[in-house]
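Novice: Here's the letter readout for the chains.
6 protein chains.
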Amino acid sequence: MSLLKAAIIGGGHIADQNHIPALKALKDQVEVIAVCSRDINKARALAEKYNIPFAFDSAEEMFNNEQKPDLVINCTANNLHYPYTMQALENGCHVLCEKPPAMNAKEAKEMADLAQEKGKVLAYNFQRRQSPEYILLQKFLQQGRFGEVYHIKANFLRRRGIPGWGNFTNKAIQGGGALIDLGVHVLDLALGMLDYQMPDRIVANVYDFIGKAGGKGLKGDWDPEKFEVEDACFAYLSFPDNASIMLSSSFALNRQEEETVNLEVFGTKSGAILRPLSIFTEVAGELADVSFPYLTETDIQLQNTTAFVDACNGKASNICSAEEGAILQEIIERIYQSAK
Amino acid sequence: MSLLKAAIIGGGHIADQNHIPALKALKDQVEVIAVCSRDINKARALAEKYNIPFAFDSAEEMFNNEQKPDLVINCTANNLHYPYTMQALENGCHVLCEKPPAMNAKEAKEMADLAQEKGKVLAYNFQRRQSPEYILLQKFLQQGRFGEVYHIKANFLRRRGIPGWGNFTNKAIQGGGALIDLGVHVLDLALGMLDYQMPDRIVANVYDFIGKAGGKGLKGDWDPEKFEVEDACFAYLSFPDNASIMLSSSFALNRQEEETVNLEVFGTKSGAILRPLSIFTEVAGELADVSFPYLTETDIQLQNTTAFVDACNGKASNICSAEEGAILQEIIERIYQSAK
Amino acid sequence: MSLLKAAIIGGGHIADQNHIPALKALKDQVEVIAVCSRDINKARALAEKYNIPFAFDSAEEMFNNEQKPDLVINCTANNLHYPYTMQALENGCHVLCEKPPAMNAKEAKEMADLAQEKGKVLAYNFQRRQSPEYILLQKFLQQGRFGEVYHIKANFLRRRGIPGWGNFTNKAIQGGGALIDLGVHVLDLALGMLDYQMPDRIVANVYDFIGKAGGKGLKGDWDPEKFEVEDACFAYLSFPDNASIMLSSSFALNRQEEETVNLEVFGTKSGAILRPLSIFTEVAGELADVSFPYLTETDIQLQNTTAFVDACNGKASNICSAEEGAILQEIIERIYQSAK
Amino acid sequence: MSLLKAAIIGGGHIADQNHIPALKALKDQVEVIAVCSRDINKARALAEKYNIPFAFDSAEEMFNNEQKPDLVINCTANNLHYPYTMQALENGCHVLCEKPPAMNAKEAKEMADLAQEKGKVLAYNFQRRQSPEYILLQKFLQQGRFGEVYHIKANFLRRRGIPGWGNFTNKAIQGGGALIDLGVHVLDLALGMLDYQMPDRIVANVYDFIGKAGGKGLKGDWDPEKFEVEDACFAYLSFPDNASIMLSSSFALNRQEEETVNLEVFGTKSGAILRPLSIFTEVAGELADVSFPYLTETDIQLQNTTAFVDACNGKASNICSAEEGAILQEIIERIYQSAK
Amino acid sequence: MSLLKAAIIGGGHIADQNHIPALKALKDQVEVIAVCSRDINKARALAEKYNIPFAFDSAEEMFNNEQKPDLVINCTANNLHYPYTMQALENGCHVLCEKPPAMNAKEAKEMADLAQEKGKVLAYNFQRRQSPEYILLQKFLQQGRFGEVYHIKANFLRRRGIPGWGNFTNKAIQGGGALIDLGVHVLDLALGMLDYQMPDRIVANVYDFIGKAGGKGLKGDWDPEKFEVEDACFAYLSFPDNASIMLSSSFALNRQEEETVNLEVFGTKSGAILRPLSIFTEVAGELADVSFPYLTETDIQLQNTTAFVDACNGKASNICSAEEGAILQEIIERIYQSAK
Amino acid sequence: MSLLKAAIIGGGHIADQNHIPALKALKDQVEVIAVCSRDINKARALAEKYNIPFAFDSAEEMFNNEQKPDLVINCTANNLHYPYTMQALENGCHVLCEKPPAMNAKEAKEMADLAQEKGKVLAYNFQRRQSPEYILLQKFLQQGRFGEVYHIKANFLRRRGIPGWGNFTNKAIQGGGALIDLGVHVLDLALGMLDYQMPDRIVANVYDFIGKAGGKGLKGDWDPEKFEVEDACFAYLSFPDNASIMLSSSFALNRQEEETVNLEVFGTKSGAILRPLSIFTEVAGELADVSFPYLTETDIQLQNTTAFVDACNGKASNICSAEEGAILQEIIERIYQSAK
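Chains as they are written, first to last, in this note's numbering: chain A, 35 to 374; chain B, 35 to 374; chain C, 35 to 374; chain D, 35 to 374; chain E, 35 to 374; chain F, 35 to 374.
Excised from the complex, chain A in its bound form:
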């Protein structure tokens, strides 16, 4: 089998630390041929570091190069997910796009439509799906161990975790705050336990008190003057089959723990928490708690990139699909609308 040719759009930390190393680890299936960044110096530095043949400061130029990529990793800022992904699809590439899918539902829908039209894989990089805990949750679900799942509490909460770097508080670039950056992860995991349905009822609130007031930061110091997004978002989702999700996300909230990322899943036969993975059920007529003390941490980015490459090769894969991404983005949009 010939190697898939891969290109990277985006020259930041996540390209350097996550995506390129993952692709390089899949060298039996993928060859990285180009990296593209608006800052040509960044592109060249990465190309040199990772021994990548081409570096560009223009996607157009990259796609016009003689060596054409088969797949593209789009790890640019949130507001560039749409244009670069569309461009890559138009150029006949599979695309693995960073999360969130886009800035709004319309963009995500167009991206999914174009992928389908072009017959290409478009996937989103929700790599937390690959944790051994979530893989097991999914396996339990498929084995029917939960019975019917009817309620989920999904939390991604930080006490004082407004990032003091990057564009995390810039609404025009990010499209939002705690929900679109953090909550989106656990929302994806929760939806994955509920057949990725579209909810029929959503109510939500957003807040920015602490972000705008300033104070002690545990992820660097942020500038309250430039804080334009929500520091906390709470939402309730109710589904046509009567399932429900309570979603809580925060950059900053006056709570005890520094950070909590967890799912509580409630089913008719069993319930579970994601971390540390525990199942609450009945065994032989008695209430039983099941723990998994020997789960092995894996490289979840590598697992997710592998899942994407599998999809490109036509194999079954648990990657977040273009359709799922469109549903997710629409839910996010509706949450923000409800919170206005």
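Worth flagging that the hints you see were computed from the coordinates, not collected in a lab. Just so it is clear, the structure is predicted and the values come from calculations on it, not from any experiment. Just so you know, even glycine gets a beta-carbon here, dropped at the ideal spot from N, CA and C. One should not assume that every hint holds.
Derived pair list, reagent style DSS-like, types lysine-lysine, alpha-carbon separation capped at 27 Å [unchecked claim]:
{"no.": "1", "chain 1": "F", "residue 1": "205", "chain 2": "E", "residue 2": "303"}
{"no.": "2", "chain 1": "F", "residue 1": "250", "chain 2": "E", "residue 2": "173"}
{"no.": "3", "chain 1": "E", "residue 1": "246", "chain 2": "E", "residue 2": "260"}
{"no.": "4", "chain 1": "B", "residue 1": "102", "chain 2": "B", "residue 2": "152"}
If you want the ones that stay clear, here's a sample from chain E, every Cβ over 10 Å from chain D, calculated [as the list claims (entries may be wrong)]:
{"no.": "5", "residue": "46"}
{"no.": "6", "residue": "95"}
{"no.": "7", "residue": "173"}
{"no.": "8", "residue": "205"}
{"no.": "9", "residue": "230"}
{"no.": "10", "residue": "253"}
{"no.": "11", "residue": "262"}
{"no.": "12", "residue": "320"}
{"no.": "13", "residue": "323"}
Given the coordinates of chain A, assemble chains B, C, D, E and F onto it according to the supplied hints.
Specialist: Chains B, C, D, E and F alone, transformed into the frame defined by chain A:
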């Protein structure tokens, strides 16, 4: 000051264990003159045990007796809260009625209206308001230590706590299940942190999977055939000032702890959990956690009865008022409506 | 159904605290008609305390009384298990005999033979079979959750628990020490996990160093001069099907915990420890530990007496049978022989 | 004093990581002159890495070289312990041989005999003797703090620790499984507390259920098809002076902990556990537990190599001697015979 | 041996709960013949409750009664220790006097002198000497396990433990506050580890900030207006042989624990803390910590009364003697003087 | 602003690891121009390692060099603090001198006087003042949260921490032992909470039992023959305003923990412990404990060097001043005098 004459309607466990002992402990202010139960034997047994002059099996008879009560404790089944409270108010008595206020919003509204018309105190027995932890939460709120409270998580959750006795699973008598029996307590506490506003948006779901399926019980065995109420209720309340509440209650849910009754309060300056009472805040520019290791447990029923008697005597009091009860009942009704 | 008539032989603590209360609790099935003790005062005191019609100081007299017992509880000293049980069987009674079955294998074999000949139930009071943990272990075994059980560690170990009262250190009365008084319990439980087979190989050692040296006692002070039994016994049992048991029992051993009573069970699919009951297994391809945090303690003597009465009434029952008792006693005898 | 010339036979991991570094650390006493491996590339790589003058792929060649070794480290596979050790002794070398001593008792006996005949030191690399905990246990024993030691429980147990690499499951190369690879360590330690006596009674069982069934591995994945050894071995040893040992070892067993390596020692005056080292005794008439919170971890391989070099230099040493090795190997053989 | 006749002076809680029950438990050696209280009703109530022949409201009358006591328990207020003890000694009685010995050094000296002159036992009720932990400390001291003890930290510290009852804050009655009521206990224990020497250097400070300011009380509410004593006292004692004591006592101090009563003892060979009793020493050249997990709580008042009766009967005893009491009182007086 | 020129006197570990790196980190304010050590090789090695222009073995030479330092770090042995600091001041330099200030009070007084005369900054390197916990303690003090501080327990205690290297046990070089090396740190912190007053009463004792007896060492092995200083020092300080300090320091003491460095501060409104920083106070009428779970460790040497440079630049700074150092040294001298 002459003693207030008190009568009890309802001859069950809660009369025997909670209300009569509390009244007896207030013997400098209250004299218990009568107990009334549809089962005259229960009434007589209580009268003998507590040295109460009169025992009746008819409230009408009781009110027609020469010795007229000044105040009445209504500790009958939920579906009798309305008729007996109305009768007592008509007879010119102050009333302390067990929770929930009534079976629906209309009843609770009429009860509040009649109390106002008659100029009598009508109060509901939400005794958890009297815990030292909640008293302190309220004090912090009034001292401005929280700043503005904008989100509350209110939980009354049991793993397998469907009562195997009484009428807790009978819808006609109880009016509902986990929400009206358990959730109502923490909802009252949460509303008390938010000026007892009426929410403008409510969305909710109820479930009865475990109740109808049966299984291991931690509060006796229940009959799944006769399980008519919800075993779990989740609701989201959003308020005109943008505050929000996530309310979770369950008789049965596949979770780890046997029972959790707690409030998480998030304010602009500080947050808190109710039990064990802890405040999460900033002190001198650093994140600080404040604990209260020496809170003394008190007899919360006695405290609540005292609050009621204070109200009867025209004193300020933190008892749940007739107006608050009407708001609470309307919210419960709207939660159930949303969940249909 | 008419009531079974019960008689007690033995007027000691165990009659007073365990057996008579259990029989009294089964008053719908059993009527206690007589108590017999060589000390007539003890017999009379129990008869009065429990409202039992007859008190005797001679078993012969008791059996010759007009009111004949249907069943007998033999709770005398170890060396009287054989004669009184034989006498009771000869008199056509079912017998529940205290543990150990007898002083040696020959006695236990004769007791089992006579019971069979007479068509009566003879059972031994190994009440630890009735703990909720062991009941579950048995259920798991029958459900095949262990696969094949091939090794068991059975421990009943005390640091300094030589009883300072009774006849526990008197060899002529007790027949032995730590093994026959303590180890016998966990040996019975272990054999119950292995089809109560007879081992084909046994090797063992007994010790009496601490018992004879004296020292600090945690169950009263004992007299080293009168210490005639083993203070510790270690044995290894190997079975024809290749299963094995490591059995450890001690009255006194220089170890950390005051007392340990436990079973470790190793099967091909799962392993377990008895207390706190935990299962070590694989779930969905991952190593999993299962705990049972809500087991309810029960009155194990009442459960065992019930099992005995069920057996008397011809029902299935998990009581230790005469045949099992004979096997157990033979193993004990072979352990002591190996240790000589 | 002139330096001892050392040669290594065996070019594997243990030579590279343990033996050569230890010898190098003793550079004031030892000079490493040669390394020999059937794979000459391995020998050469080690020679280069550690600056060793000679590399060979034949032991014969090595012994015929002009530079003759004074001592040899035999760290080959188990089935080569005998031939290379015999060859080294024949060539007048002291030998430190890896554990187990040999494949059977006859080999170990011949090795000890030849060492004696040649007047050379033959020792086995039971480096766990050098842990600070065991050194202290030995010191307590010699000071009489235990009184007489009469029972030891020796455990080397893994939950799922069948090595997924090397020859650990190959019977022809290893000679056995959990006993000969793991149990042998704690058996050596236990015998060291009992004057290295020969037991007069042994009974044992071995199992291979999990090894042959396959499943989750915590030390890599193993091939159940090629699993030829025991995955668990339980044995009971009784000694002429009435002492006893319960020995348990497993590569795989359905238990809680991932790995347990421990000794419980029971003496007439005190007992102990090895890790964390604790003594259970009486002080001033009260039961006392003694802990040692400040023991310093040492490099036990370096300590053991030092002990061997001390022995070569005629100094007293706690190294496992040829005679002890022969006893140990005979016990292992008898355990396997008993288990057949 | 005829029974010793005992009389009680003082009709308060401590007579009722401690001293009379202890004397009654020693009924083979002591007969309680009289109780005396300035409040005759208290005296009569105790006499009736405990079946004591005589009740008086005057000590003079009691001593003039025909039945003469052999020994007297003086459990009156601090300012009455001196007059009643002197009177009892004058009347030829042995005396067990509550702590502190007296109001000042002069009184305690006269009491000791008179006891010696009369040849009677005078002892003080420092019952904490009888705890199993302190008994062991003393045994270790006598066995030489500490080597030479050179420094002790003695603490009796409460966070907010000003008693809300009794006369504890009244200087005229009590003679002082935290030092004379609480610190005196641990000072007695510390001196007992140092041969009850008289220090040659003392420096101290007393405080009453919290007592006079008021606040939350954990032993009832006290009246800051009537707070006349020290709420905290810190003192340093240096002895002629160079040993030293740091003594800290408080009724109220802004610290974490509610109450700490402890001794840290530092000797040349070992150190110790009293509770939980632990020894810090070297064993076999390694630092070792020794704990005593099975110490049995005893009735320390009964033990101390027994020690007093033993002394009356001329037996050796660890009771606080008149001479020790005089030394202790002088030290207390010097501490208060230093603190002025 | 031009750079300050810095010179280092002392070529040991503390110059290499602490002072030069701190100065280098302040490269925008300071330029290191010279290092001076009596061992010219050390000086040259440091100069090369840190790219420092000049290396000297004579301070005189250094001060006579054309490039004159503006500030000097004196990190020589204790007995050289005085001469080199005086020389540096005479040469018109600011000086940061290692602790303790000097060998006796007279030296420290002269050093302070000369600094004042020369108008130069003389400061001592008590870098523990810069821990985030102590910075907060000071902030609380200034905010009045403690009310009046009246008692402090200051401890720097090691179990067996006599350094096995350097000159720590040499009296002529060090001037003392545990007090001058360890206790001086916590004494400085304690005085900083009490306005750096001079106490009016001091009593103290010193000991050298363990140091002279030898034994297990946790900081290397020391030579008991050459142990000339105190291994423990206990002192009590009382101040004119009635505040008091209990100061305990040890190199070696038979206690549990390996090392304790802490302050307990008792004020009229609140108390505190330094590590982990906790405040004990009243909030809303209830006793409250405040913890600070997110304090960030800082580089305290860098912070202290910064404070010194700030002082040199005329800015406010919390550095230990020449006057404070003189007070501290006088207290140390008086403690040693008291202990003689």
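Novice: Take the hints in turn and mark each one as holding or not.
Specialist: Right, here's what the structure says about each hint:
1. Note on residue 205/F and residue 303/E: the hinted pairing holds, with a Cα-Cα distance of about 24 Å set against a maximum of 27 Å.
2. With a C-alpha separation of about 25 Å, the suggested pair residue 250/F and residue 173/E falls inside the 27 Å cut-off, and the hint holds.
3. Restraint check for residue 246/E and residue 260/E: the C-alpha separation of about 8 Å stays at or below 27 Å, so the hint holds.
4. The suggested pairing of residue 102/B with residue 152/B holds, with an alpha-carbon distance near 16 Å, which does not exceed 27 Å.
5. With a minimum CB-CB distance of about 36 Å to chain D, residue 46/E clears the 10 Å threshold, and the non-interface call stands.
6. Against chain D, the non-interface label of residue 95/E holds: every CB pair exceeds 10 Å, the least being about 48 Å.
7. Look at residue 173/E: its CB is around 5 Å from the nearest CB on chain D, not clear of 10 Å, so calling it non-interface is violated.
8. With a least beta-carbon separation of about 43 Å from chain D, residue 205/E lies farther than 10 Å from that chain, consistent with its non-interface assignment.
9. Every Cβ of chain D is farther than 10 Å from the Cβ of residue 230/E; the closest lies at roughly 22 Å, confirming the non-interface assignment.
10. A cut-off of 10 Å between C-beta atoms confirms that residue 253/E is not in contact with chain D; the least separation is 33 Å.
11. Here residue 262/E stays apart from chain D, with its beta-carbon at least about 44 Å from theirs, past the 10 Å limit.
12. With 10 Å as the threshold on Cβ separation, the claim that residue 320/E sits away from chain D is violated: the shortest Cβ distance comes to roughly 5 Å.
13. Annotated as non-interface, residue 323/E brings its C-beta within 10 Å of a C-beta of chain D; the closest such distance is 5 Å.
In summary, the numbered hints that this structure violates are 7, 12 and 13.
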